[in-house]
Amino acid sequence: MTHIVKPYGDTLNDGKVQLSFALPVLTDAHGKEAARVLILSMGFDEAEITCMRDLGEGFTHFIAYASTSASVDTSKIKVKVVETPVMEMEETDLYIAEHLGREITIVGACIESDAHTVGIDAIMNMKGYNHRFGLERYQSFNAVNMGAQVASEDLLAKARELSADVILVSQVVTQKNIHIQNLTRLIELAEAEGLRDKMLFICGGPRISHELAIELGYDAGFGTGTYSTDVASYIAITLSKKQAE
Amino acid sequence: MLKLDLDNNLVSRARAAATKISSDFDWLFNGYSSVTIERTVLRLMGIDGATEDGKPLPNLLVDQLQSAGALHKGAAIWVANAMHHKSLTAQEVADSVTRGELQLTALPLAEPGVLYNLLSALSEKMLGQIKAQKAQREGYFEKYGPRRKPAIYVIVATGNIYEDLTQARAAAREGADIIAVIRSTAQSLLDYVPYGATLVGFGGTYATQENFRIMRKGLDEVSEELGRYISLTNYASGLCMPEIAAMGAIERLDLMLNDAMYGILFRDINPKRTLLDQYFARMINAFAGIEIQTGEDNYLTTSDAIEKAYTVTASQLLNESFALKSGVKPDKMGLGHAYEIDPEKENSFTYELAHAMLTRQLFPDAPVKYMPPTKFASGNIYKTHLMDAMFNFVGQLTGQGVQLLGMMTEAIHTPHLVDRSLAIENAEYIFRAVKDLGDSLQLSPDSFINRRANSVLLEATEFLEKVAAEGMFSAMAAGDFAEIKRPENGGKGLDGVFERDPDYFNPFMEQMKKELGL
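Residue numbers (this note's numbering), protein chains in the order written: chain P, 1 to 245; chain D, 1 to 518.
Note that these hints are calculated values from the structure, not bench results.
Hints may be right or wrong, so weigh each one.
Restricting the straight-line Cα-Cα distance to at most 25 Å, the calculated cross-link-like pairs of lysine to any residue (SDA-like) are [unchecked claim]: (1) P/K176 / D/Y162; (2) D/K383 / P/Y65; (3) P/K16 / D/S378; (4) P/K127 / D/E344; (5) P/K158 / D/D268; (6) D/K308 / P/F44; (7) P/K127 / D/K308; (8) P/K158 / D/D495; (9) P/K76 / P/F44; (10) P/K158 / D/E483; (11) D/K383 / P/C51; (12) D/K485 / P/H116; (13) P/K32 / D/F376; (14) D/K217 / P/P24; (15) P/K127 / D/F376; (16) D/K492 / P/C51; (17) P/K158 / D/K485; (18) P/K32 / D/V418; (19) D/K329 / D/L127; (20) D/K345 / P/D230; (21) D/K134 / D/E224; (22) P/K176 / D/L190; (23) D/K383 / P/R132; (24) D/K492 / P/H116; (25) P/K176 / D/G175; (26) D/K125 / D/R137; (27) D/K383 / P/D10; (28) D/K383 / P/M52; (29) D/K485 / P/D154; (30) P/K32 / D/E425; (31) D/K55 / P/A151; (32) P/K127 / D/A475.
Based on the provided sequences and hints, a complete structural model is requested.
This is how it looks when you write it as structure tokens:
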């Protein structure tokens with residue numbers, strides 16, 4: 001059923017939005033008007049510059065409110081999301097024992113130039129993050145965290161050596177889309193080595209969505225707010241389904 | 001006045017244990033060297049430049065000596081010998097090795113006395129140049145007044161040194177006192193220092209000597225315009241600690257990240273390599289009057305900030321004791337800690353206050369470096385901005401030396417111009433608002449804060465005593481630090497560590513030790 005919505009300030013369909021941006025203009029009436037006209041040219045109906053701040057070096061920061069006549073029909077929106085239900089650690093272990101009856105090997109790493117292990121550690125390390133134990137703690141997982149700056153080749157070699165069921169990759173640094181390059185490289189190498197279809201490829205990071213992951217050729221992607229339980233449940237259910245097929 | 005009632009007996013016990021731990025490494029400091037230490041010596045002799053395919057000349061020479069099995073005498077002797085035989089400068093020797101015209105070990109070694117004289121002149125020249133840079137920095141502070149406390153520290157990280165400079169100048173005009181140029185993400189594991197000005201990096205900008213020079217020159221201009229000296233910092237960490245320290249000394253960086261154990265624990269660099277490299281790197285920092293900064297915040301980004309608070313204290317004490325061995329004085333020890341407690345935790349601010357006061361009081365002369373919330377920073381920029389304000393409040397209230405400003409977009413991207421500006425505005429407002437508040441407050445004797453600080457200190461003391469008893473390398477191998485196991489002979493860079501010959505000679509280390517009274 002059609003369901004059309006607009007941004008909400010304090011009255012339904014008022015279309016109010018907040019904007020904040022810098023322009024390379026001086027902090028004066030002329031700059032302010034330039035910012036207002038820019039907002040109108042974005043398609044907004046009204047624009048009020050509520051604050052302008054001199055940033056130095058010829059730049060000015062503008063904070064503005066504007067209203068839009070644009071709307072969206074939420075019934076037409078399709079998104080790709082990981083659809084497996086989320087289970088607690090004990091449930092996942094039980095589920096694997098019942099449906100797979102064997103240990104699952106997971107090899108994880110922060111690949112290529114990325115030195116930030118905060119994501120992979122939160123998901124994999126024994127102690128986990130925010131009251132959810134990491135994959136290392138699960139009885140049914142043999143989880144190997146290779147750490148930071150692991151070359152794609154080394155990750156794949158390790159996965160082959162351990163006959164891994166799952167490869168888990170974290171990418172935190174995203175400047176100039178380096179994460180896309182790194183993730184693409186890994187998948188291309190995996191395909192060349194004939195490993196792509198032998199294991200689940202999962203990626204995660206603050207700027208990664210399930211949709212992006214699918215686009216890059218991965219089985220699943222997890223973004224901000226993901227816990228070990230999300231990843232573990234997905235692995236357990238997906239591998240069980242594959243085995244049943 | 002806000003002051004903790006600390007158990008002084010514990011303070012002495014903790015310091016004694018830390019001293020014991022660092023003193024166990026005299027065999028390493030006095031008997032070994034590494035490829036990056038030798039490359040540092042060559043840089044200090046005046047050798048610079050890179051081959052067409054980007055290999056730095058100091059690497060080329062050290063590699064030649066290493067494959068000839070001659071490096072254990074030290075690189076200085078061989079280059080001095082070639083200078084003597086061929087009547088060339090050090091740079092000319094390097095150029096001729098690069099052209100494939102010279103094999104350093106093919107020339108017979110001249111009388112040691114001749115070579116020592118030659119090296120002593122070179123060392124005097126370069127160390128004189130470094131002293132002049134130090135004097136210039138001191139002159140600026142004398143002219144414009146000392147750095148404020150807490151000093152405002154912000155990062156730039158565009159990947160392009162010229163873009164970084166624009167952002168740095170803007171930040172300085174808005175009130176920043178210290179500019180850090182974040183390094184490109186993979187640099188810590190490069191066993192060479194890239195050459196020349198760089199325009200592309202990932203999550204940061206490469207640390208090169210030319211980039212240092214460009215940034216320092218730009219900041220000198222803005223310092224003079226503002227009548228306030230803007231300090232510059234970079235990272236003497238990874239596989240090239242002493243080389244980067246030397247470049248910083250030559251180009252007048254004012255602070256340098258230099259942690260005795262960070263590379264081992266968080267970059268999987270070999271323990272011997274790291275300890276050896278930090279020893280010489282810090283000596284260079286000390287000689288150049290550069291303030292070191294340590295990386296204790298890293299313990300808390302991977303572990304719970306309450307449960308593992310003691311690891312920060314223990315690391316600070318170890319960093320202090322290793323720094324003293326290199327001649328760094330307490331007023332140049334920017335020991336680190338961080339505001340990383342879960343904001344959902346009741347009394348999170350009270351805990352932070354206890355931890356921040358503990359650091360300040362244990363190291364009263366140190367310009368302590370206080371790091372912002374990162375672990376619980378999220379895409380909710382409004383909440384992150386609020387957490388940063390609470391962090392700034394603790395920083396001013398407890399008189400930290402350097403406030404590394406949090407950015408509300410910390411969890412999203414490297415800072416935009418606006419993000420940095422709002423962060424500075426936040427800090428300036430809070431610092432002004434609570435400037436003298438601490439003078440009017442005191443803790444009740446049995447307050448939670450007093451008890452908490454003493455309990456963290458007790459845990460740190462017991463931990464250090466345990467490490468002192470079993471030895472630091474064994475403790476690291478067992479995973480006692482940061483819950484990461486680092487065996488003595490594991491990690492990157494071990495093949496670059498070698499035992500010195502009895503006639504090994506490092507003219508710069510000798511001279512600096514003498515002048516630093518080591």
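Taking the hints in turn, this is what the structure says about them:
1. P/K176 / D/Y162: 17 Å, holds
2. D/K383 / P/Y65: 20 Å, holds
3. P/K16 / D/S378: Holds, because 24 Å separates the two Cα atoms, which is no more than 25 Å.
4. P/K127 / D/E344: Holds, at roughly 18 Å.
5. P/K158 / D/D268: Within the cut-off at roughly 18 Å; holds.
6. D/K308 / P/F44: 50 Å, violated
7. P/K127 / D/K308: 13 Å, holds
8. P/K158 / D/D495: 23 Å, holds
9. P/K76 / P/F44: Answer holds: P/K76 to P/F44 is near 23 Å, not above 25 Å.
10. P/K158 / D/E483: Holds, because 23 Å separates the two Cα atoms, which is no more than 25 Å.
11. D/K383 / P/C51: The hint holds at about 20 Å.
12. D/K485 / P/H116: 18 Å, holds
13. P/K32 / D/F376: Roughly 35 Å between the alpha carbons, so the hint for P/K32 and D/F376 is violated.
14. D/K217 / P/P24: With a Cα-Cα distance of about 24 Å, the restraint between D/K217 and P/P24 holds, given a limit of 25 Å.
15. P/K127 / D/F376: 17 Å, holds
16. D/K492 / P/C51: 51 Å, violated
17. P/K158 / D/K485: It holds: about 19 Å lies between the C-alpha atoms, which stays within 25 Å.
18. P/K32 / D/V418: Within the cut-off at roughly 16 Å; holds.
19. D/K329 / D/L127: 19 Å, holds
20. D/K345 / P/D230: 24 Å, holds
21. D/K134 / D/E224: 17 Å, holds
22. P/K176 / D/L190: Cα-Cα ~21 Å, so holds.
23. D/K383 / P/R132: 23 Å, holds
24. D/K492 / P/H116: 17 Å, holds
25. P/K176 / D/G175: 29 Å, violated
26. D/K125 / D/R137: Distance ~19 Å between D/K125 and D/R137 Cα, so the pair holds.
27. D/K383 / P/D10: At roughly 21 Å apart (the allowed maximum being 25 Å), P/D10 and D/K383 satisfy the hint.
28. D/K383 / P/M52: Roughly 22 Å separates the two Cα atoms, so the pair holds.
29. D/K485 / P/D154: 20 Å, holds
30. P/K32 / D/E425: Between P/K32 and D/E425 the Cα gap is close to 21 Å, so the pair holds against 25 Å.
31. D/K55 / P/A151: 21 Å, holds
32. P/K127 / D/A475: Measuring from Cα to Cα gives roughly 20 Å; hence the hint holds.
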